[in-house]
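Protein chains in written order, with the numbering used here: chain A, 9 to 325; chain B, 2 to 545.
Just so you know, these hints were derived from the structure itself, not from any lab. No residue lacks a Cβ here, since even glycine has one placed at the ideal position from N, Cα and C. Each hint should be verified, as a subset may be incorrect.
What the simulated footprint calls covered on chain A by chain B, stretch by stretch (three residues with Cβ under 8 Å from a Cβ of chain B suffice, anywhere in the stretch; the number is not a length) [unchecked claim]:
no. : region
1   : 71-84
2   : 190-197
3   : 209-217
Far from chain A, by Cβ distances over 12 Å, these chain B residues were calculated [unchecked claim]:
no. : residue
4   : Pro187
5   : Pro361
6   : Trp514
Which residues of chain A face chain B? A partial, calculated answer using Cβ under 8 Å [stated by the list, open to error]:
no. : residue
7   : Asp181
8   : Leu224
9   : Ala263
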Amino acid sequence: MRSPFAYTPRPAPLQSASPGAAVVYLGALTVVAFVYSNPLVLAATGLALVLAGRLAGAQRAVRAALWMGLTLALLIVVVNALVVSRGETVLARLGEWPLFGQVNITAEAIAAGAVFGLRAAVVMVAFAIYSACVDPDRVLRALRPLAGRSALTATLVSRLVPVAAADAGRLRDAARLRGPGAAPVGRAPLARRLLAGSLDRAVDVAATLELRGYSLDAPPHRFAAGSRGLGRGRSFAQRSRYDRRFYAVGAVVLAAAIAGEALGADAFHAYPVVEVGAGSATLALSVLLLLSGLAPLRRKPRRATRPVPSAAEPSRA
Amino acid sequence: MPDLATSTKAAPALAIEGLTYAYPHAAQPALRDLSLGLAPGEFALLAGRSASGKSTLLRAACGLVPHFHGGEIEGRIEVAGLDAIASGPGELAAAVGYVAQDPETQVVSTTVAAEIELPLELRGDPPSSRARAVEEVALALAIPHLLDRAVDTLSGGELQRVALAAALVTRPRLILLDEPTSQLDPVAGDELIWLLRRLNEEWGVTVLLAEHRLERCLAAADRVIAMTSGAITFDGQPRDFLTWAQDADAALETPAARLFSLTGIEPLPVGVRDARRTLTATEANPRPPKKLSEEGVRLPSNTAVDVRGLWVELSRDDGWRDVLRGIDLKVESGERVALMGRNGAGKSTLLKAAAGLLDPVRGKIEAPNGIALLTQNPSDYLVRERVGDELPGDQGSAALRVVGLEDAVDADPRDLSGGERQRLALAIALAGRMEGDALTGLVALDEPTRGMDRARKDDLVELIGELAGRGAGVLVATHDVEFAAAFAERVVLLGDGVVIADGPATEILSGGWYFATEVARVLDLPGVITPEQGAEALSATGDD
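Bound-form chain A, shown alone (with noise of 0.2 Å):
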């Protein structure tokens, strides 16, 4: 079973745009996630992540990633209830525990949890959808003429991390198939021969690259930029048709977000009581955020408007 974060090809905008167009966009939103406080306009950034994956068709990845990143959000707010208490509202007092010390849960506490917590699912959404719809062959090979060295390494691991765990997965199996005579198998000795196996499959691999010619020199033209590449999308020289859209939006996500900023759309305090902005700024910002979410829209194709002649008609030659 594939992972639902593994990179699918797609015919979606999101899919097609070039790596640099696609870490802008989702990196304009995620430096949003880390910048701002305010939970709606975390709310807004998350849903536009949500919206924006959908769109990608890469609903898998949004689906564990938010469920991931609600589980740990969940352990965010237990935590910081339990540890901090600050906080006028107090709910709960809990009396001395061991490590803690005094235990008060406070409102203001768990509604700072929340916050943080939020802002880690939605950083996770962000990464599963970068994870899942941009090709790291792509971004690999934009690297490759900056670090070449790097690059390579990067393809081994690359390669070497779904094949290893497809290993981790046979080798699992085979240990629950073993005979109940056979001398049980730790993790020890499984992961030793995990480890085995990998680098006889790092050896493989690193073959492969040699028959490829990856160790010879690059050619200077080889990485010109903007040059044709395949007709289907798929070098990765070759920009996508949605490239501006989302350096647009990225960049319009990026400068609102500086605006907002100074004109307070920020607003959130938690502590000594909760506080949370909820003025023009901070509405407007929330509402261009959701908007950001379509850029991965694929406009469906007019039609035309000229009258095609229908079978039974006879063509006018």
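Could you slot chain B onto chain A? The hints should help.
Chain B only, in chain A's frame:
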């Protein structure tokens, strides 16, 4: 980087002189004083038992030996005029393509198109010519529909074609293939061989193909090179090879050639069409064996496994899919059953579900005495450095006795041969499932003959017979029809998750095109699948 254009087109595709090579720390050389020349446009088949040096020769021809593996080398290798010892594999990539046995480790990119394009990109070809080359090679190999797929969603057969496309995209003069059909079903295997023949004829690519299942590719080859212990022991026409193999190494004979040698008919045939022509010319009129109907009748015995209405769903790229759809299958103790079907038909899934590795969505599996399953990679079972540590105690000793490894208790599993490692893995799966020396449950093997030569297959047939003789029901998933004919008394054919045929091996393996033995295709007689049965039918010529 040497320029291929400077090497003349008239130069041999491959020229080897006095090549001797030993891997690092090896006691014996893997290649011994080997000389070989391949003219442009030749289709040569490399035959030989396991460990005879075939893979090493192919690796030397593409530059991996000695550049990647190290070791000591003497002699000269030229590929399309380039010195393969002086140049590395990367420099040779324009002149030679290499496809190894395991397609999974031959892909390095995420998508098919990127994988095929990679060698051209690394060579510095401009994007427009890369686009054209990728499109053309995809069309030639009938994989344009795969170009936008992620490589980890492809089947073994599809992946093998992608690896071949990546090797061919630079339009090399020479293509080297190391058992490319070992993981393919008969349909995909035949398609691949004829695809190579077409590329050889239309593109003029020289092909050097190492293969164990010679009956599959002998008819496509112009020339056969046989190797023994690192040296060439035969080099000539396919028909002459069969005559040579008759005396020198019977394990290299094809089933049709064996049929002809048993009946004394000459010349030995290089393929089914050739055999039929000869039989027509000799006016042979074979008759089916008389006691055919009694074959496969068994006395009632205990049930080893009973599968009823089994449905299994697996997640694929495009969502959940029913891989098994209402399977009913019963295997009795002592019964030897071959489970066959094309790649993706559900054979491995059925075995895994029976062994409890997969949960069915519906249906029942009853195995009163347990199931010992040996999966496709026996090495996965071997995690310790001493055989005795894998199988301690009396139960371990009993399991080792069953597979004939009782004397290897102190050996390191890594020092065992491929066949011995497979037996050890089987012993690990069997340990504790025996009652004294008797086996009462089901023993299931998944594709156990991958990469095996005929001699090792014969050993496995013997072992399966022994397991069944001890009371085990034996269920073997296999693509190898000749192997199935040798061990099975019953064949179950799966197609797209359902049982499409279930009957005596003699009936199932003689009634089709792809899932039929070579002898069955030659004689086209119901119930005749092995050379011995064919010889009996031919000796009955004229008897009424």
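8 Å C-beta test of the region 71-84 of chain A against chain B, three or more residues: Our answer is that it is violated, as 0 residues pass the Cβ test (under 8 Å) against chain B, missing three.
Whether chain B covers the region 190-197 of chain A (at least 3 residues having a Cβ closer than 8 Å to its Cβ atoms): Coverage by chain B holds for the region 190-197 of chain A (4 residues, Cβ < 8 Å).
If we take the beta carbon of proline 187 of chain B, is the closest beta carbon in chain A still more than 12 Å away? Proline 187 of chain B clear of chain A: closest Cβ-Cβ about 25 Å, beyond 12 Å.
Should the hint that aspartate 181 of chain A touches chain B count as held when the rule is a Cβ pair under 8 Å? 5 Å, holds
Can the hint on leucine 224 of chain A be confirmed by a CB-to-CB distance to chain B that is less than 8 Å? Where the cut-off is 8 Å and the nearest Cβ of chain B is about 5 Å from leucine 224 of chain A, the hint holds.
Just to be careful: measuring from the Cβ of alanine 263 of chain A to every Cβ in chain B, is the smallest value less than 8 Å? Given a least distance of 33 Å, the restraint on alanine 263 of chain A is violated.
Please check whether the region 209-217 of chain A has three or more residues whose CB lies within less than 8 Å of a CB on chain B. holds (count 7)
Holds or violated: is the Cβ of tryptophan 514 of chain B farther than 12 Å from all Cβ atoms of chain A? At about 33 Å from chain A, tryptophan 514 of chain B clears the 12 Å cut-off, so the statement holds.
Since proline 361 of chain B was said not to touch the interface, does its Cβ keep a gap of more than 12 Å from each Cβ of chain A? 16 Å, holds
Checked against the numbered hints given earlier, this structure breaks hints 1 and 9; the rest are met.
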